Amino acid sequence: MSRDTEDGATPRTQRVPVGADPTKPNAARVYNYMLGGKDNYEVDQILAHQMLSVAPDTRTTAWFSRRFLLHAVEFAAEAGVRQFIDIGAGIPISPNVHEIAQKIEPSARVVAVDYDPVVHVHSNALLGSTAGVTAVLGDIRRPAAILEQLRAERLIDFDQPVAILIVGVLHYIMDDEDPAGIIATLRDAVAPGSYLAFTHATVDTHADFIDRSSSSTAGSSAQPRYRTRDEVAALLEGFDVLEPGVVTVQDWLDDDLPATKLVVLGGIGRTV
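Each residue of the sequence shown is one higher than the one before, starting from 1 at the first, in full-length UniProt numbering.
Honestly, the hints are just simulated from the structure, not real lab data. Note that the structure is predicted; figures quoted are calculated from it, not measured. The beta-carbon is built from N, C-alpha and C at its ideal position, and this holds for glycine as well. There may be inaccurate statements among the hints.
Claimed, not checked - Heads up, simulated BS3-like pairs for lysine-lysine below, C-alpha to C-alpha not over 27 Å straight-line: (1) K38 - K261; (2) K24 - K261; (3) K24 - K38; (4) K38 - K103.
What the hints assert, rightly or not - Per label pair, the in silico range of CB-to-CB distance: (5) A125 - E153: 25 to 33 Å; (6) K38 - L257: 25 to 33 Å; (7) E74 - D188: 23 to 31 Å.
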């Protein structure tokens, strides 16, 4: 048994969603609410406001994380990448990945991957008619299965560079679910000149926020695992890490943005 399981984290098999459960918070729906979206339930709003009661700037952190995602897409597209895999894509909110990528290169292809069947339905409804955009059901904790599907359906050409986006996801992966192994599997599958952009909440977050968010989400897909900066930085092993490195998402965007109680790091790596 892993340390996280001993400390109360829910084992992998119990964390896989089987459909919409309005009695348990969902990370994608909480994030949607924080960004002003309408695709969420009361239980998600309650958790969001519990977080906001401890850290009123959490909505600001969500916005910073979203801007980091779009910045990474723009960066990769301007570097010539024409394929994007958004893992843990969540419920689409404009501007979305494809809007940024296709503004730079109209032929850009985007695959939005999420493991929640309800999120997948939303994505299909909102993105299904958009040229070059495909929503697929897939679990980041099973990266080989995602890669196999993308190859089988010829959604991604892995002989060409691709940008993999994992924003707001990895801190929901428990230690026994092997986040480093997940990243390594994805890294080894892509061509040189590919990019990985990710975010991750850290233990530098305000202690009351960690306690509240952990206790309120126990047993749900929104249960977090906060990690140290060194643990987060280690996830980019094997990549050429772009400057300014693995730093707060604020530092990726602007030197003058305020610190927030929820501390989220961002990093971008390039395969060589």
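The hints, checked one at a time:
no., hint, in the structure
1, K38 - K261, "holds (25 Å)"
2, K24 - K261, "holds (24 Å)"
3, K24 - K38, "holds (17 Å)"
4, K38 - K103, "holds (26 Å)"
5, A125 - E153: 25 to 33 Å, "violated (20 Å)"
6, K38 - L257: 25 to 33 Å, "holds (27 Å)"
7, E74 - D188: 23 to 31 Å, "holds (26 Å)"
Figure legend: structure checked against the earlier numbered hints; the only hint not met is number 5.
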